[in-house]
Amino acid sequence: MPMLTRRHAIGLMAAAPAPLILPRFAIAQGDDRPSITVAVQKIANSNTLETLREQSNVGTRTFYSYAETLIDMDWAGDLSLRPGLATAWRRIDERTVELTLREGVRFHNGDLMTAEDVAFSFGPERMWGGATEAGAKGLFGSVTGGAAGREAPAEVVAVAKRGFPALDRVEVVDPRTVRFVNRTPDVTLEGRISRNIGVVVSRRAFAEASSWLEWARRPVGTGPYRVGEFRPDQVLVLEAFDEYWGGRPPLKQIRFVEVPEVASRINGLRSGEYDFACDIPPDQIAEIERDPRHEVVGGLITNHRMTVFDKNHPQLANPLVRRAMTHAIDRQAIVDALWGGRTQVPRGLQFEFYGDLFQADWAVPAYDPAEARRLVKQSGYAGDPIPYRLLSNYYTNQVATAQVLVESWREIGLNVEIQMKENFPQVLEKGATRAVRDWSNSAPFNDPVSSLVAQHGPTGQQWQIGEWRNDEMGTLSAEMETSTDRDRRRKAFRRMLEICEREDPAYTVLHQTANFTAKRRDIQWRAAQSFVMDFRGRNWGGMRS
Amino acid sequence: MLRFLLLRSGRALLTVALVVTFAFVVLRLSGDPALLIMSVDAPPEAIAAFRRAWGLDDPIWQQYLRYFGAIAQGELGQSMRDGRPAIELVAERIPATLALTLPALLIKLGLGIPAGIYAALHRDSAVDRLVMVAAVAGFTVPSFVLGLVLVLVFSVQLGWLPSGGQDGWLHAVLPTMTLGIGGAAVLARFTRSAMLEVLGQPYMRTASAKGLPWRRAVLSHALPNAAIPTVTIVGFMVGSLIAGAVVVESVFSWPGVGRLLVVAVSNRDLAVVQCILLLVAVTMVTANFVVDLMYGLLDPRLRSGAKGGH
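So the protein sequences, as listed, match chains W and L.
This note's numbering puts the last residue of the first sequence at 589; the count rises by one with no breaks.
This note's numbering puts the last residue of the second sequence at 415; the count rises by one with no breaks.
If we strip away everything but chain L, and leave its shape as in the complex, we get (with noise of 0.2 angstroms):
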């Protein structure tokens, strides 16, 4: 259990280490933040006075250098537009977006599951073709499409709830429902087919021919064994609780960490940038971490380190 751990944390920080790396070049190399950050239009005095204050003269290899290292003391800097420090604008932003993304991952395991298994279980019936159909059409519309859509419903067309902001808990519904319907498919499908696989199992056959009631074999041996794929997705799901409502906070003008992204990914204002990168790492790597803890609980088979067809 020791070598398990000690080998997921190593390859953890080698991911958070490639991920702080990868923001670094991308966003070094493709645009200069003092121009941007600065305007086009701003006196070519300004705009060097500012690279020269942020040290956006030296070599990029010295810069690099400079931000892996502070990184690694726990000094995640300074944001270049405005000089607060970047964790204190990120911490700022994230009960935003957990307002908006933990309710969203409710309305997604409590309508995408039992969605998903109750498809299954009547496979072929009109129920399991509208969830289908419902699944399909919440997978592939653009959460930007569904959301400009249910405002100009319920706040062009009825004037029920707000179109975006954030001054109360109705502003929040219309963002929730986006982010919770278009997640909700995505757990139908996946947990549908999950399902399907496991009822054709021979073990379920087994259960059925020793006289087991069909509710039990499906609680004790359908459910747990179909659990893992979708357990996986809801562990991507909980990994970008912090950053997957990026276009859903542009949308609905939600000022939550997803917008920050945008903001500081456009003004290459990078220490904010990496912090919450690194914030994002962190999460899908504990979140990925737990699931795989959990493949063990759900699967004794795995719990010796067999591997498994997952």
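If we strip away everything but chain W, and leave its shape as in the complex, we get (with noise of 0.2 angstroms):
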């Protein structure tokens, strides 16, 4: 037996804090991990990180680094649903999803992930307390319920009870097993669960925070990468969380830089302040790659450009007006001319990963200038003004398609003409000259639900603000939401593809949205078919040297 002597017991005293230093030591050695920076637009237009209220496209680009839903979305490949923070799910019955939970999942506060804490997520606390009224007085001498306490502001509690329209109850049923239960029956439950307002969080840190809008500027999740730092319209600092269990995250950190100015974005990808550069106009992208250290990758996303009619306008009134205005657009032309042929004419408003819901055989209004002009023609239009309210390039070449879209109305006989205005609400105004605007349509998740009766079914905008509205249209809108056969929610949606976009016009889409990343090229990285950035292990090949 060894006899431990007086040198070696004041030795192993000297080595016993090594362990508490050497660990670190190496660490901060060994992490030679690379950190990138990411100019975008804008980091947040709520300046918050919860995405239960940043319901934007800019707070997309950043929430799937640091919070995760329990189904995930195979954003770089088909879109298709895949295990999240749930391994598996299963259909109980038509109003009743069963999930199991991840093992092992921490969040940014070191917490294990419970059935709990994603009950809690979906619970009244998080969604669907808001803010109670009184005391909200206006503009002065108030403070939005966020700011003063842990209560969600009362648009929150809107964007959830839109997200989730019958959500009953989130059942614990064991550690491992929740069930998402519905008052109705829902086939796009599933759809719903993986959208990014059902991002699991911690409940500890919620109840912690010592506002909501603290809460909210750094939201506690699962993502391979924790809030740093944010400082609302500067810069959001991702820093990596090694206790992530997707595995080690592949970058040290990453800082959200906010540069409004495209040709200063540009400028800092050149001088080599940014590694990527986000929103880059289609017109640029030759530019860019003309240096070889640069590429422009990203393109399709699940998002159409399309122009909207008002119905209730004197000279759009009738259908053959409208029907006449869709035949006159030439969309392959827009597309080659304005992106480069970067994008493409879309199957009318739906999208591939709806699966067999997508109507592969349908098609957008074909251009046909001698029908169209048949049409004016029959609908004995007068040469009445048709106004034409337009935005100065919120969407990319908004005002050059525009004065496309003008010419081409203009050739088959139709007097359109552009007002221009400076904002949405200045656009959406009820009045004598709301006739034409632009608009576009995102998917959220894999369902037609999500789009067109989203956007144009009666809760949709076009028939809240008193745009459009198509009776037959709100039957099969009900349908689509309750129905559980999916022959007839195929149908149905045959059908209303049919008014939407021949019969009785809301709308007409354009093409599809195309999103483009400029980054450098020794960066191995794929966009998304989304504005999400995925910066886990998976989706970085790291820097070619």
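I should point out that these hints are in silico values taken from the structure, not numbers from a laboratory.
All clues given are correct.
Partial chain L-side listing against chain W, Cβ under 7 angstroms, derived:
#1 148
#2 150
#3 186
#4 253
#5 260
#6 267
#7 269
Computed footprint of chain W on chain L; a stretch qualifies when at least three of its residues, placed anywhere within it, have a C-beta under 8 angstroms from a C-beta of chain W:
#8 133 to 143
#9 151 to 161
#10 349 to 360
#11 363 to 369
Estimated spans, in silico, between C-beta atoms of each pair:
#12 W/336 / L/274: 29 to 35 angstroms
#13 L/232 / W/464: 43 to 49 angstroms
#14 W/477 / L/130: 20 to 26 angstroms
#15 L/341 / W/413: 52 to 58 angstroms
#16 W/384 / L/241: 35 to 41 angstroms
#17 L/200 / W/228: 50 to 56 angstroms
In this text, all values refer to a predicted model and were calculated from it rather than measured experimentally.
Ideal placement from N, C-alpha and C gives every residue a C-beta, glycine not left out.
Combine the two chains into a complex, taking the hints into account.
Below, the structure is given as structure tokens:
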């Protein structure tokens, strides 16, 4: 038996603190992971990182790094649903989905994710409580619920209600199993769970936050990166979360910096200050790629650009005029001339990731000026002006596209007049000059309910602001939302496309939206079919030397 | 003097009240903050809830009275975007803006005034022409163009300076230069023309005729008289220290008051916009007040309240 001598004892005592120091030292020395800087036009519209509040494209770009949903989407692939914080899910009945939770998932505060955290994330405190409007007296002398206490602002509750219109409860079955129970049958429940409002957050961290605003600026999720610093309108620093269940993140730090001017983003990329520059207009792509060090990636996303009609305007009340307008547009020419062929004309307001609901044989109205002229003549249109409320390039190429449209409509005998507006409220304002405007529609999950029904059905914006309604569309929307019969839903969707795009046009799709990101060519990284940016190990191939 | 001060203070208060009213009318009638802050694609229920919470449903005149009454009591309100006090948001940004505008003011004064004086004293010389070409160029080139050119040269081509952001003093160099060069050009032109006007005055000929050295004639007679229009311009420059860098801050992604103003206006975040406007109005009014006092110091004829030609 070895004897413990005084020399040994002293040696051991001296070595005792070593594990406390050395591993840290070793990590510091060994952490040779790169850090990157991503220049974005905007970090967050709402100055928060809470997905229930930040419902924007720009927020979509960042959330995927710090928070995760139970059901994930294959953003870089075919957009199919795939395991996220839940490893599996199954239907119990037409109202209930049961999910098996992933084991060993940790929040950024070190806590293990539990079924209670999941129930909390979809529970009243985070989603349904809402601000009591008592005390909210308007612009002055009051504080929003979000700033004063942990109670979420009223708009957060409204967003949650829209995302989960009939969710009754989330039941904890056992520590690894939860059930989502709807009040009504809903075949889209899995898709809804995959939306970014369904990220799972730490119950304890929420309780410890001093206010909802503080929470919303530093949410504690399970993503591969945690929020290090967030200075609204300036910078969001995400740091590697090494206890991430999916393995050690490949980047030490990601800095999203707000650079509103596109020229400044491109210059920063060229000077080497930024590794990525987002929201690049198509006409800049060739110029950026002239430098062999840089390339532009990205492309089609699940969003379509469209022209929208107000059927109550006297000149548009006759659907023949609207139908004529849809046939007058050479969409492919717009794609080729303004987008350099980097986008496409889709098959109406639908996306392939709808699966068997996707109507592969559907198409937007054909470019047929002769037919358009015939329809104009048949309508009895007398040449009165049709106002077109236009924003200055809120959408990429918006003004140039509008000029093409106006000329196309002039060719078939319609007198469409552009009226420049400063912002969306001015565009949407009800009045005698509301007739034609621009819009874009996204599909947040894999079902027409997320786009056609949500945007043009009875709860959609067009219907709500009194721009367009159609009783049959109303009935079909209800059927799409509650029916579980796949064939009936497919037929209903087909009929809805016929109504909205052909018979009684509510809109006409122009082209699919494309989103471009400039980056260092030596960085091996794939863009998603969304604004989402994935910096997990699976999507980071490192930097070529 | 007391009457003068009271009159000026009354006019200043009226100016501020008009600015506040103008801001309210223009911003409130040109866009719904709920739709702008919540985004056009937000659910209609969310937009309605936001509108109710912030009192945007009330008649516009009620909103105005509440708005004006609150300001009169010193209550500047909360940002609708994130619920924080507007004054806090604005105060956070002031140091960043001053970090650009104060050094830029020094460049304007240090470069513009000597260049203008030198050009006037050497009228029609090569240096005069060079100064005027540079001044006209600096005066006419918009600041965002000048800023981008400086970035292309010093950041992209030479790699000496960062192109934007606020991560240290090096980041302030290009935006400060952009602001400073443009302002110096303005000052050089004004100083030169003021000096030329004064140099042609009979009292300058008299001073020379009675044997006063040219250098002393310029220092004692020309400079003080030529200073009045220059002081007026400098007053404007001092008045715009707070919000005079809107474009430059956007080009260089500099998180100052100017950027905040752009974001707040585009979101119709009324409390923040009016807080900035109030600050600008107060700064401008104060600067003008000081300029008025300086007129009296520079020109004894104005001290008695006699109207000059300025």
